[in-house]
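Asker: So you can see what is in the structure, the chains are spelled out below.
2 protein chains.
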Amino acid sequence: MKRSLGAKTLLYPTPVLVVGSYHADGRPNVMTAAWGGIACSKPPCVCVSLRAATATHGNLIARKAFTISLPNSAQAAAADYFGLVSGRKTDKFAATGLTPVRSELVDAPYVAEFALVLECEVTAVHELGLHTQFVGEVKDVKIDEACLDEDGHIDTAKLDPLAFAPETGAYFALGALIGRAFSLGKSFVAKEGS
Amino acid sequence: MKRSLGAKTLLYPTPVLVVGSYHADGRPNVMTAAWGGIACSKPPCVCVSLRAATATHGNLIARKAFTISLPNSAQAAAADYFGLVSGRKTDKFAATGLTPVRSELVDAPYVAEFALVLECEVTAVHELGLHTQFVGEVKDVKIDEACLDEDGHIDTAKLDPLAFAPETGAYFALGALIGRAFSLGKSFVAKEGS
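So the protein sequences, as listed, match chains A and B.
Mapping to this note's numbering: the first sequence position 107 is 373, numbers consecutive.
Mapping to this note's numbering: the second sequence position 140 is 406, numbers consecutive.
Don't take every hint at face value.
Pairs count within a copy or across copies, as identical chains cannot be separated in the list.
[Said to hold, decoys possible] For lysine-lysine, the following DSBU-like pairs were computed, each having C-alpha atoms within a straight-line distance of at most 35 Å:
#1 K308 - K355
#2 K355 - K405
#3 K268 - K308
Hints were generated in silico from the structure; no laboratory data involved.
Produce the entire structure from the sequences given, and follow the hints as far as they go.
Answerer: See the structure below:
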């Protein structure tokens, strides 16, 4: 039996996106957002939605660039802090002891200590209501070599990304491997032919 | 030391979104997409990106509506199958033994057996390249009562949503609870004041 919960943004899980940008005076800033994801394969694009009230929103409008740094489970407290306070008055890098690195490809900083980084140019801005959606074309992905397996592929367990649950506001680590895409479902393809 | 992987859509995790729509002849269809997420809080909006080659893309253009049904880990094979074959020639509901339910709010069907359902009206269509991004305003969320706790909140463990890892194409269950948003990061706020 299903119960109606009303019109809400309940979708599970969301990623935990630490968005890097420069203030007008050149200071590096980061904020954490969970409303976003992958938007297009070619060109490779991601999207992230920000409220106009945030400093990061203004920075992305002005600089047309941002980074996404992905925290792991041990970095969850810092990532959560990045969403708690405004970068207008606070140096969030100094407060957490993390290191801003200037991207060589886009006009934005990323977090040195976070293993996976996407460097993005803003290619579209969509006003959706309370949130503005920024579409960013990925110019490069950088990853800590420690998170790669022997074949140079990303080892998800070593990356250890956070998954976010709206409503309860819980951060989870990833758990058991359930199966592989374009493989697990083949059992039903076989049934079709039988 | 970071290594460059090139311009790719590597963001972790993504949700596993089973998108329900009606074909022109009224047959219900579902496909699975991982490029999407929450897009706006007010009005509540989600987004999902689809290739123009898919039947679902045409259905959403024509009907201006879709649903998202969230599979749990035991339903991963069916969800994967929904992404393996085209609904143009195949009745994916019949093949998996799952049940289409006509939404009373939007012109689209959802999967009865999947615990969480979002009923959405298409409010914007963004051509990004290979993928078209559909923004859907959430008209209602419906959930199996078995996934609610005593207070009527979603119990994420009972919902048991899938998390997807691009590149490796792995489906994961959620794992350990790491902490709570707007709480975990307060340790750094305390340090500011010290």
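Asker: It remains to establish, for every hint, whether it holds in the given structure.
Answerer: Hint check:
For the identical chains of this complex, K308 and K355 are inter-copy neighbours only, at 27 Å across copies versus 38 Å inside a copy, given an alpha-carbon limit of 35 Å. For the homomeric pair K355 and K405, the shortest alpha-carbon distance inside one copy (30 Å) is at most 35 Å, but the shortest distance between copies (38 Å) is not. In this assembly of identical chains, K268 and K308 lie within 35 Å of each other by CA distance solely across copies; the values are 24 Å between and 38 Å within a copy.
In this structure, every one of the numbered hints holds.
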